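Peer 1: Given next are the chains, with one letter for each unit.
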Amino acid sequence: MATTYTLISSNTLSSSAASVTFSSIPATYTDLVLRCSVRDSGSSGTSQQQVRVRINGSSSANYSRRNLTGVGSTAASGSGTGNTSIAGFYAPDAGATSNTFNSFEIYIPNYATVQQRQVSVFNAFENNSATVNELNATAALYTDTTTITSLYIDTVNGLVSGSSFYLYGIKNS
Amino acid sequence: MAVTYEPIATTTLGSAASSITFSSIPATYTDLRLVLVIAGSSATANVRVQYNSDTATNYSATYIAGNGTTATSSRRTSATSLTFTDGVATSTTIPSFFTLDIFNYAGSTYKTSLTTSNQDYNGSGSIESNVGLWRSTSAINTILITTLTATTYNAGTIATLYGIKAA
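Respectively, the protein sequence lines represent chains L and D. Here the first sequence is numbered in numbering that gives the first Met the number 0, starting from 0 and rising by one per residue. Here the second sequence is numbered in numbering that gives the first Met the number 0, starting from 0 and rising by one per residue.
Quick caveat, the hints were computed from the structure, so don't treat them as lab data. Watch out, some of these pointers could steer you wrong.
[Said to hold, decoys possible] Quick list of simulated restraints, FRET-style, between CB atoms:
| # | chain 1 | residue 1 | chain 2 | residue 2 | range |
| --- | --- | --- | --- | --- | --- |
| 1 | L | A129 | D | K164 | 32 to 42 Å |
| 2 | L | T83 | D | Y109 | 40 to 50 Å |
| 3 | L | G81 | D | V130 | 27 to 37 Å |
[What the hints assert, rightly or not] Listed next, the stretches of chain L that the computed footprint assigns to chain D, with coverage defined by at least 3 CB atoms under 8 Å from CB atoms of chain D:
| # | segment |
| --- | --- |
| 4 | 71-78 |
| 5 | 95-109 |
| 6 | 136-143 |
[Stated by the list, open to error] Selected chain D positions facing chain L (in silico; Cβ < 7 Å):
| # | residue |
| --- | --- |
| 7 | P6 |
| 8 | T43 |
| 9 | G67 |
| 10 | S95 |
| 11 | D119 |
This one's a predicted model, so the numbers in the text were calculated from it and none came from an experiment. Positions of the beta carbon are idealized from the N, C-alpha and C atoms, including for glycine.
If we strip away everything but chain D, and leave its shape as in the complex, we get:
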């Protein structure tokens, strides 16, 4: 049976860091999946993702989010990154969990992604899903994970990038 879901790389932070980068991503898969378990941050931080070091206004997103009381939907246009609405908490004991699926990442069309943010902090937090677009025809070969406010992710944060093959 063909292996269709493979780990490309994984990073576990041994100390606090402001960024995690996956580079030299091979173009041999169909889709990518990023799994991110964040062991808190130095200050409330919105996860930010950029592709191929592109900091231009080539990103947009539509999201739906719930804070336990209210469901909201909104969008961002001409943004310089993909971001999540609610920031990661500083708790070192309650992790938050994110996934980012990028479809046809090596193709020559614009890149659509589907992301989830799971942040229940036992009495506070949020759940969010968003669809993102990167308006570039380049294959994605680098993924940069930072925070919107330049804070750091705590040690113990784990990021894994998987490749999925259609056949």
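For reference, chain L alone in the conformation it holds in the complex:
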């Protein structure tokens, strides 16, 4: 019986790091699923920092998004074009409650084909606070058409020890 949901690689940080990259992703799957839990090492004053995910290391303006976010008692929708990463979702930073991390999943269908990619992002973190929390769903578009072979993840000030990253491949046959 085919194994269709396979761990490609994982990384749990034993010390802080500026970023994490999954490279040389094989083209043998149909879809990719990235599941991570991260915390930013800095202190912003808002107790949270943006998470950035870049495809194939690209920091060009190849990303756009529509997002839906609940923070405290407010639901909102935002958008962006010409972004330099998959963005618009957050992780707690050093100002947030100790040991709190976000949890996010990014689903990338048809990553090995040559076309623009519609990507799904779901992010959540809770901090026992009225404002430092988030439930976020994002539709993100990567407009470059090359095959995806690497994924880069960082936050503005870097990732704390204990942040974890799992990359899975899914085959549809």
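Fit chain D to the supplied structure of chain L, relying on the hints for placement.
Peer 2: Chain D in isolation, oriented as in the chain L frame:
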């Protein structure tokens, strides 16, 4: 290690089509997941899903959606299908991406689903999530994917149905 996430069937449209059907779905899994990547449609089209050929008013849903400016939440009751609020664009170069998770699809209680719609078109589009209910105690053995306005999905559209086992 037990294999718990398996492809049941996949369809890639070789030419435009108005529907995709998964039939004879075995009852041997716990949950189902449908992954749908749509390569545009002939006209703006709302994705529509029906189970077991049921066209009666047995469907309802509550959804939350964002168009980049405003977040909205609403619901549909006594509907004849599960549908998404915002239609798929006609673009052949920017795909849209949908998922449908159906929990306990082979059980004898009503069927709850969780769906996501990801449609960013680089300056327009929407994001949507909804919870759907099919008021039937029958096991789901057929899933029909059409559009609300009877348009067609473009060639290159891919639909895959996965089965997930709890053990």
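Peer 1: Decide, hint by hint, whether the structure agrees.
Peer 2: Outcome of the hint check:
1. L:A129 x D:K164: 32 to 42 Å: Given range 32 to 42 Å: holds, Cβ gap about 40 Å.
2. L:T83 x D:Y109: 40 to 50 Å: For D:Y109 against L:T83, whose Cβ atoms are near 45 Å apart, the range 40 to 50 Å holds.
3. L:G81 x D:V130: 27 to 37 Å: With a Cβ separation near 34 Å, L:G81 and D:V130 satisfy 27 to 37 Å, so the hint holds.
4. 71-78: holds (count 5)
5. 95-109: With 3 residues in contact (Cβ-Cβ under 8 Å with chain D), the coverage given for the segment 95-109 of chain L holds.
6. 136-143: holds (count 6)
7. P6: holds, 5 Å
8. T43: At about 16 Å, which exceeds the 7 Å cut-off, the nearest Cβ of chain L leaves the hint on D:T43 violated.
9. G67: Where the cut-off is 7 Å and the nearest Cβ of chain L is about 3 Å from D:G67, the hint holds.
10. S95: Constraint on D:S95 satisfied, holds at 6 Å.
11. D119: holds, 4 Å
Of the numbered hints listed earlier, the single one contradicted by the structure is hint 8.
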